[in-house]
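Chains P and A supply the protein sequences, listed in that same order.
Under numbering that gives the first Met the number 0, the letters of the first sequence match residues 0 to 69, in that order.
Under numbering that gives the first Met the number 0, the letters of the second sequence match residues 0 to 171, in that order.
Hints are computed from structural coordinates only; laboratory data are not their basis.
Be careful, since some hints might not be right.
Heads up, simulated DSSO-like pairs for lysine-lysine below, C-alpha to C-alpha not over 30 Å straight-line [to be verified]: (1) 12(P) x 35(A); (2) 35(A) x 40(P); (3) 40(P) x 170(A); (4) 40(P) x 69(P).
Examples of chain P residues lying across from chain A (beta carbon under 7 Å, computed) [to be verified]: (5) 6; (6) 8; (7) 33.
The beta carbon of each residue, even a glycine, is placed where N, CA and C say it ideally should be.
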Amino acid sequence: METRIEINCTTGKITEHELTQAELDQRETDRVAYEMEQANKEAEQAAKAAARAELLARLGITEEEAELLK
Amino acid sequence: MATTFTLISTITVGSGGAATISFTSIPSTYTDLCLKVSARTNYAASVNDGLQIYFNGLTTNLTTRELYGTGSAAGSGTDTVNKIGYMTAINATTNTFGNGEIYIPNYTSSNYKSSSGDGVSESNATGAFMAMNANLWSSTDAITSITLKSANAGSQVFQQYSTASLYGILKA
Numbered sequence: 000m001e002t003r004i005e006i007n008c009t010t011g012k013i014t015e016h017e018l019t020q021a022e023l024d025q026r027e028t029d030r031v032a033y034e035m036e037q038a039n040k041e042a043e044q045a046a047k048a049a050a051r052a053e054l055l056a057r058l059g060i061t062e063e064e065a066e067l068l069k
Numbered sequence: 000m001a002t003t004f005t006l007i008s009t010i011t012v013g014s015g016g017a018a019t020i021s022f023t024s025i026p027s028t029y030t031d032l033c034l035k036v037s038a039r040t041n042y043a044a045s046v047n048d049g050l051q052i053y054f055n056g057l058t059t060n061l062t063t064r065e066l067y068g069t070g071s072a073a074g075s076g077t078d079t080v081n082k083i084g085y086m087t088a089i090n091a092t093t094n095t096f097g098n099g100e101i102y103i104p105n106y107t108s109s110n111y112k113s114s115s116g117d118g119v120s121e122s123n124a125t126g127a128f129m130a131m132n133a134n135l136w137s138s139t140d141a142i143t144s145i146t147l148k149s150a151n152a153g154s155q156v157f158q159q160y161s162t163a164s165l166y167g168i169l170k171a
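Sequences are here, hints too, so could you generate the full structure?
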């Protein structure tokens with residue numbers, strides 16, 4: 000059973016609670032959203048890399064030569 | 000310039016792990032808050048996991064602007080959460096923990112609450128996800144509680160020995 004940990008900053012008391020069904024449902028929603036966000040980041044990076052490779056090919060230079068231009 | 004930087008409370012996760020870490024009944028006697036986190040989750044799909052934060056138990060009206068780096072690429076983005084960058088996940092080097100910090104100024108004011116966070120999935124390896132976040136919680140309520148969770152929630156939990164420490168700052 001999953002739990003959450005909580006500290007009362009006034010009393011210093013630490014308690015652990017089992018997650019409710021609503022909390023479990025929210026966690027699943029969050030998981031899906033995070034995986035979509037990560038997939039979007041990876042797709043964005045892949046698109047940038049592909050565009051760079053295409054440009055270098057059109058220019059007829061290598062990655063190492065492109066670095067020299069920086 | 001802070002005149003005091005006082006530890007309010009600290010939590011260390013026990014052997015069973017924890018889905019979330021919360022600080023409740025936060026005293027309103029400080030000017031700003033600062034939260035420092037050392038964390039690792041059991042997220043198995045990657046070597047890193049996002050670290051999210053929300054206030055007063057509410058996960059709405061949150062936005063963030065993020066600058067991130069992966070070790071080989073960099074980028075930026077927006078999201079409808081508040082974040083403290085990244086932390087380490089279970090496939091990273093054993094016994095390594097990510098670390099992060101968030102600063103929350105004027106947490107009792109009636110203005111919207113901005114905060115700045117940064118976190119990195121330290122793993123003693125070549126690549127590491129890191130991010131800086133400019134967060135906004137569009138609420139006029141005073142912050143009385145703070146909750147931390149894995150961005151990739153699902154069944155993921157903070158692993159044993161993850162710690163979070165909340166500090167109160169008084170300004171002159």
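Verification of the supplied hints:
The suggested pairing of residue 12(P) with residue 35(A) holds, with an alpha-carbon distance near 19 Å, which does not exceed 30 Å. Distance restraint check for residue 35(A) and residue 40(P): the Cα-Cα separation of roughly 26 Å lies within the 30 Å cut-off, and the hinted pair is therefore satisfied. Between residue 40(P) and residue 170(A) the alpha-carbon distance is near 39 Å, which puts this suggested pair outside the 30 Å criterion. Of the pairs offered as hints, the one joining residue 40(P) and residue 69(P) holds, with about 25 Å between alpha carbons and a cut-off of 30 Å not exceeded.
At about 5 Å, the closest approach between the beta carbon of residue 6(P) and any beta carbon in chain A falls short of 7 Å, and the interface hint on this residue holds. Interface hint at residue 8(P): satisfied, since its Cβ lies 5 Å from the closest Cβ of chain A, which is below the 7 Å cut-off. With 7 Å as the threshold, the beta carbon of residue 33(P) comes within range of chain A, its nearest partner Cβ sitting at about 4 Å, so the hint holds.
Hint 3 from the earlier list is the only one contradicted by this structure; the remaining hints agree with it.
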